[in-house]
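Residues per chain, in single letters:
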Amino acid sequence: MNVFFEQFPVVFQALNVGFLQTLKLFGITLLGALPLGLVISFGSMSKFKPLSAVVRTLVWIIRGTPLMLQLLIIFYFPGLVFGKQLWGGGEGGRFFASAIAFIINYACYFSEIYRGGIQGVPHGQQEAGLVLGLSRSQIFFKVTLLQMIKRIVPPMSNEIITLVKDTSLARIIALQEVIWAGQAFMKGSQGISGAIWPLFFTGVYYLAFSGILTLLFGWIEKKLSYFKA
Amino acid sequence: MAILEVKNICKSFGRNHVLRGIDFTLEQGEVLSIIGSSGSGKTTLLRCLNSLEFADEGQIVVSGETIFDAAVNKRPSEAQLRQKRLHFGLVFQNFNLFPQYSVLDNVTLAPRLLKKDSREAIEKYALELIDSVGLKDKVNSYPCELSGGQQQRVAIARALAMKPNILCFDEPTSALDPELTGEVLKVIRSLADRNMTMIIVTHEMAFAHDVSDKIIFMDGGVIAEQGAPDILDHPKSERLQAFLTSF
Ligand SMILES: Nc1ncnc2c1ncn2[C@@H]1O[C@H](COP(=O)(O)OP(=O)(O)OP(=O)(O)O)[C@@H](O)[C@H]1O
Ligand SMILES: [Mg+2]
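Here the protein sequences line up with chains B and P, keeping their order.
Numbering (this note's numbering) for the first sequence: 1 to 229.
Numbering (this note's numbering) for the second sequence: 1 to 247.
These are calculated hints, taken from the structure and not from any lab test.
Keep in mind it's a predicted model, so treat the numbers as computed, not measured.
Do not rely on the hints blindly, as some may be mistaken.
Said to hold, decoys possible - With a straight-line cut-off of 27 Å between C-alpha atoms, the simulated DSSO-like cross-links for lysine-lysine are:
id, chain 1, residue 1, chain 2, residue 2
1, P, Lys136, B, Lys228
2, P, Lys7, P, Lys236
3, P, Lys138, P, Lys116
4, B, Lys47, B, Lys142
5, P, Lys124, P, Lys74
6, P, Lys124, P, Lys84
7, B, Lys24, B, Lys142
8, B, Lys222, P, Lys214
9, P, Lys74, B, Lys47
10, P, Lys116, P, Lys136
11, P, Lys124, P, Lys138
12, P, Lys163, P, Lys124
13, P, Lys116, P, Lys163
14, P, Lys236, P, Lys84
15, P, Lys186, P, Lys163
16, B, Lys142, P, Lys236
17, P, Lys186, P, Lys136
18, P, Lys214, P, Lys163
19, P, Lys124, B, Lys142
20, P, Lys163, P, Lys136
21, P, Lys138, B, Lys142
22, P, Lys84, B, Lys142
23, B, Lys142, B, Lys223
24, P, Lys74, P, Lys84
25, P, Lys138, P, Lys186
26, P, Lys115, P, Lys136
27, B, Lys142, P, Lys116
28, P, Lys138, B, Lys228
29, P, Lys7, P, Lys214
30, P, Lys163, P, Lys138
31, B, Lys165, B, Lys222
32, P, Lys163, B, Lys142
33, P, Lys115, P, Lys84
34, B, Lys223, P, Lys138
35, P, Lys136, P, Lys124
36, P, Lys115, B, Lys142
What the hints assert, rightly or not - Facing chain B, from chain P, some residues (calculated, C-beta under 8 Å):
id, residue
37, Leu86
38, Leu90
39, Phe92
40, Asn96
Idealized CB from N, CA, C, for every residue including glycine.
Based on the provided sequences and hints, a complete structural model is requested.
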């Protein structure tokens, strides 16, 4: 027990640094994938058939292969082909490659959620707006948007909570996120070695963070529960 | 002058000729009921009147103003279209209320967005309308809290709030449980009493007989028979006879 209390401050400090990297990857992914997903969903719904076919194929490939594989390909492929590291070495380069892989992957998942939300609003809503003389943009902003959001929030919250845990996949290209930080104490770091509890302890970070997100999304869903769409 | 003249409206979807030359006129304050079997083009005709669909041939004239002419190739701008739509109101079979808005907001949304009047005046008129359809105590309810009959009455108030010249109904009671149709028909009847010009697509023969000034029987995309409500008692054409015995 004494050992634990001796180790704790050092480990806590290191895990916090790792978790900050986890949070950064999470935040950047959302920032990129939320808007990119919307663009992709418009592409997949395009009336211009070649475009929607290409976009849907891309989405199928990304959703049909493991994110871990995509990470490895995006990180190593440019080096193999061009003979030099495109991403730059070191932690910055690994973060950049991870962010690209995560943004593309999650944008594809988000695009399907957006598509479901947009196509799920009955066409009658649009027509009801039209016969009342509303313009297309008034109909979008005042009639259909909130109904789309209501449809999007539950699947989106699932996906975002999955993202919290998926960030750990970046460990495969040695991004120094929280699991990497915990594992370091097994091999030996800052005078601590052979300690496995720091790795287990990283679970607390994930639990706390996904707990907060669950509460947040629960609150949003509750706010939108006053109507049925 | 007739408030509405529909001239030779034709409409096809691909090779399916749904409307094959529809002609009729309607005077201010008249109630027209359109009857006919499923697929005879009744909904399509209402959608053409409301510019949700565009006829391939024919003209639509409202109070002397040609609001649609298939011979004019130029597509109207969106703003022009919206202007034309305002001559008509449309009450849908499945209500299509806006679920996220209260009864009052459903009724006031369009007049507010189109700045028809001051906010107070719009609200005052909306409350009168909601009262007139018997839903005074539901002003702040949401559509999901209402029965189908109540929702349809809100939809009628919502359409009236834009003060249309002609109000169209597409089978307004078809989605309702039988015990709820009466309350909606009562509201439509009260509008007829107040000389609202209306076009009602309906399968309620007794109601059509009672409330209408004129009946049109559509079959295969044409008007097979039209006239005063007593054509329902003494149908001339075989097709109308056959249709009426199916009830
Ligand atoms: N948007 C569309 N695209 C293709 N075909 C259509 C479209 N709308 C209607 N139709 C076809 O037009 C025909 C007439 O349909 P419409 O809805 O006008 O009939 P209706 O008289 O209203 O029938 P009901 O009593 O069942 O409502 C049908 O054969 C229908 O399949
Ligand atoms: Mg119909």
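Tested hints:
1. P:Lys136 x B:Lys228: 22 Å, holds
2. P:Lys7 x P:Lys236: This hinted pair holds, its Cα atoms lying about 23 Å apart.
3. P:Lys138 x P:Lys116: OK: lysine 138 of chain P and lysine 116 of chain P at ~24 Å, within 27 Å.
4. B:Lys47 x B:Lys142: 24 Å, holds
5. P:Lys124 x P:Lys74: Cα-Cα ~40 Å, so violated.
6. P:Lys124 x P:Lys84: Roughly 26 Å between the alpha carbons, so the hint for lysine 124 of chain P and lysine 84 of chain P holds.
7. B:Lys24 x B:Lys142: Cα-Cα ~34 Å, so violated.
8. B:Lys222 x P:Lys214: It is violated: about 51 Å lies between the C-alpha atoms, which goes past 27 Å.
9. P:Lys74 x B:Lys47: 23 Å, holds
10. P:Lys116 x P:Lys136: Satisfied, since the Cα-Cα distance of roughly 23 Å is no more than 27 Å.
11. P:Lys124 x P:Lys138: Roughly 15 Å between the alpha carbons, so the hint for lysine 124 of chain P and lysine 138 of chain P holds.
12. P:Lys163 x P:Lys124: 14 Å, holds
13. P:Lys116 x P:Lys163: At roughly 10 Å apart (the allowed maximum being 27 Å), lysine 163 of chain P and lysine 116 of chain P satisfy the hint.
14. P:Lys236 x P:Lys84: 36 Å, violated
15. P:Lys186 x P:Lys163: 20 Å, holds
16. B:Lys142 x P:Lys236: 50 Å, violated
17. P:Lys186 x P:Lys136: Roughly 16 Å between the alpha carbons, so the hint for lysine 186 of chain P and lysine 136 of chain P holds.
18. P:Lys214 x P:Lys163: 23 Å, holds
19. P:Lys124 x B:Lys142: 22 Å, holds
20. P:Lys163 x P:Lys136: At roughly 20 Å apart (the allowed maximum being 27 Å), lysine 136 of chain P and lysine 163 of chain P satisfy the hint.
21. P:Lys138 x B:Lys142: 22 Å, holds
22. P:Lys84 x B:Lys142: This hinted pair holds, its Cα atoms lying about 21 Å apart.
23. B:Lys142 x B:Lys223: 17 Å, holds
24. P:Lys74 x P:Lys84: Between lysine 74 of chain P and lysine 84 of chain P the Cα gap is close to 15 Å, so the pair holds against 27 Å.
25. P:Lys138 x P:Lys186: Satisfied, since the Cα-Cα distance of roughly 18 Å is no more than 27 Å.
26. P:Lys115 x P:Lys136: 24 Å, holds
27. B:Lys142 x P:Lys116: 17 Å, holds
28. P:Lys138 x B:Lys228: 17 Å, holds
29. P:Lys7 x P:Lys214: Answer holds: lysine 7 of chain P to lysine 214 of chain P is near 17 Å, not above 27 Å.
30. P:Lys163 x P:Lys138: 22 Å, holds
31. B:Lys165 x B:Lys222: 25 Å, holds
32. P:Lys163 x B:Lys142: 21 Å, holds
33. P:Lys115 x P:Lys84: It holds: about 17 Å lies between the C-alpha atoms, which stays within 27 Å.
34. B:Lys223 x P:Lys138: 21 Å, holds
35. P:Lys136 x P:Lys124: 12 Å, holds
36. P:Lys115 x B:Lys142: Holds. Lysine 115 of chain P to lysine 142 of chain B sits at ~15 Å (cutoff 27 Å).
37. Leu86: Because about 5 Å separates leucine 86 of chain P from the closest Cβ in chain B, which is inside the 8 Å limit, the hint holds.
38. Leu90: Holds, because the Cβ-Cβ distance from leucine 90 of chain P to chain B comes to roughly 4 Å (cut-off 8 Å).
39. Phe92: 6 Å, holds
40. Asn96: 4 Å, holds
Comparing the model with each numbered hint stated earlier shows that hints 5, 7, 8, 14, 16 do not hold.
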